[in-house]
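Asks: Fit chain B to the supplied structure of chain A, relying on the hints for placement.
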Amino acid sequence: MTFWSLLTVNSITFGGLLFLLSAGFSLIFGLMRIPNLTHGSLFMLGAYVGATMVGGLIGISTDFWIAALVATIVVAAFGAVIERFLLRQLLGNERAQVLMTLGISLMVADFCLMVWGGDPLNMSTPAHLGGFVRAGPLAFPLYRLAIIVIAMIFAAALWYLLDRTRLGAMIRAGVDDAEMARVVGIRVSRLFTIVFALGAGLAAFAGVIGGPILSVYPGLDQDMLPLALVVVILGGTGSLLGSFVGSLIIGFIYNFGQALLPELAYFVLFLPMLLVLILRPQGLFGRQMP
Amino acid sequence: MTGRLVALTIGAIVLLTVPLWMPGIYYVNVTSQILFYAIFALGLDVLAGYAGLTSLGHAALFGIASYATGYILGLGAGHTVAIIGAMVIGLISTAIFAALSLRATGIGFIMITLALGEILWGLAYRWISMTGGDNGISLHGRPAPFGIALSDANAFYYATLLVFVVSLAAAYIFIHSPFGAALRGTRDQPRRMNALGYHVWMIRFWAFMFSGLLTSISGILFVYYNQFISPPTLALTSSAEVLLMVIAGGAGSLFGPIVGAALVVIVKSIVSGFIERWNFLLGAIFVAIIIFMPDGLVPGTQRLLRRWRSAAKTAKAAKTRSAS
Chain A
1 MTFWSLLTVN SITFGGLLFL LSAGFSLIFG LMRIPNLTHG SLFMLGAYVG ATMVGGLIGI
61 STDFWIAALV ATIVVAAFGA VIERFLLRQL LGNERAQVLM TLGISLMVAD FCLMVWGGDP
121 LNMSTPAHLG GFVRAGPLAF PLYRLAIIVI AMIFAAALWY LLDRTRLGAM IRAGVDDAEM
181 ARVVGIRVSR LFTIVFALGA GLAAFAGVIG GPILSVYPGL DQDMLPLALV VVILGGTGSL
241 LGSFVGSLII GFIYNFGQAL LPELAYFVLF LPMLLVLILR PQGLFGRQMP
Chain B
1 MTGRLVALTI GAIVLLTVPL WMPGIYYVNV TSQILFYAIF ALGLDVLAGY AGLTSLGHAA
61 LFGIASYATG YILGLGAGHT VAIIGAMVIG LISTAIFAAL SLRATGIGFI MITLALGEIL
121 WGLAYRWISM TGGDNGISLH GRPAPFGIAL SDANAFYYAT LLVFVVSLAA AYIFIHSPFG
181 AALRGTRDQP RRMNALGYHV WMIRFWAFMF SGLLTSISGI LFVYYNQFIS PPTLALTSSA
241 EVLLMVIAGG AGSLFGPIVG AALVVIVKSI VSGFIERWNF LLGAIFVAII IFMPDGLVPG
301 TQRLLRRWRS AAKTAKAAKT RSAS
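Chains as they are written, first to last, in the numbering used here: chain A, 1 to 290; chain B, 1 to 324.
With the rest of the complex left out, here is chain A (with noise of 0.2 Å):
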């Protein structure tokens, strides 16, 4: 019984940083009709930046919070460098920016090896987080319960964002229809900066309070790049409720196919993505496929 629950609280913890990191990329993808090969690479990055900053390698040590807002911002502010100096210059060529996005993701690993070294860096979470929950016989860490409310405000704030916003509007038809909304007045060019650099922020946050739970180490793009991928392909490119649901999903199916069947793990993730790829091409929630 416990080892169920906890498990399921483990999944919903995970789910959560999955969306965390997977509304940007399926923004970005929705918007700019490019996978953002370089977003596990700016999850890896948020995670260092946090994990410096916390443990006090740099020889102060910060509040988890304050740490967590710096590395949002520092790394929103790289990906709007990104787009705005790498990928505007390819504009129309989906192709050389999924290329170019896969060239700077292989040059941050490289960095990131280089600054901090091969050794995974542990992270400890916030203090006032530290403790368990009890409820009955059963004990949940107060930290775990901590990142699944935070995913759920973020999951309302980007919400709201979308839907309730002149902004939100904005982004939406961009993503309905670039060539039209250009038409009728929107900067569609300036909506990319803006998306690129929203989902840049959100993948370092989640890196940074996934932190404690998964660790930060050389690779970590590489683990968790795949889970948004599949994450996107099940719910369907552009969708935040896509996100939400196939998140959800691949937090369950990864955590309890960790449990039950180790040497599988990745292989049971496989299986969702397969289904919906010959059922359903464009995911849970999504429209055609470019």
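Be aware that one or more of the hints could be misleading.
Computed from the model, here is a short list of chain B residues facing chain A with C-beta under 7 Å [unchecked claim]:
hint	residue
1	L100
2	I107
3	A153
4	N154
5	G283
6	M293
7	K313
Now the stretches of chain A that chain B is said to cover, found in silico as 3 or more residues with beta-carbon under 8 Å [stated by the list, open to error]:
hint	region
8	33-47
9	93-106
10	225-233
11	257-271
12	274-282
I should point out that these hints are in silico values taken from the structure, not numbers from a laboratory.
No residue lacks a Cβ here, since even glycine has one placed at the ideal position from N, Cα and C.
Replies: The following block gives chain B in isolation, referenced to the frame of chain A:
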């Protein structure tokens, strides 16, 4: 035409005499590497260049053939069985890859191949009872067909050269056949090809199978060369590396991927003498080529040559006109 024939003859003579003039075994081995990577790059080029379908999961197919060779040999089977078995497994995997990824084209295709590749990489890491996990699978010895022991570097080089020539010829015939023309048609005008009565999906599928065939062949050569296979061979970095070969050399030409393979292998073996990791450089070359030479070295140079030639021709014509 005669110029091309001369170039081919010179190329053949150079390749045939490599062990004679190369200063050492190390360099012969590097040339062997270039050749089997060139087969791999040709395989990817059939898809990425001629079919317009950029795959980011080809290292997984390459790795499957390598792992299959190692695994079957590990069961105690002979080299013939292992090689045939690896080819069959490689082709079956290719068929599955193709059936899934050809649900989409363009970016969707890139994403699905990437996801499939990453899943197989993860599987190679974690399915320890099958793949040995991080430790990989080691081979013990190379085959000795007709009594020629390929454990000798020169003998292995010539065997690789033979396979390379056959693969190149096969790719040449494939590309210049009516099927190859139809394949380019599906790349440039899929809807028109469909309207003309071509089965676009089927054409792409068989192109994928041919690509998988070349990829499996190079994977088997790779594992015999290294005597070892481990998960990093399947990683996204490896798929990126071979894609860089294709794009750097020039996708959609047969010569381009060979040049690209030579370039990448040589740079990699030089660089690895100085710095520990080469991924940063790999990424930087990627970015630079995409920005400065998006169509690759071979077509880029050809274009420059053509421009230079036509400039010379017009200059000449202008001169004769002014003289008369």
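Asks: Report the numbers of all earlier hints that the structure fails to satisfy, in ascending order.
Replies: 3, 4, 6 and 7
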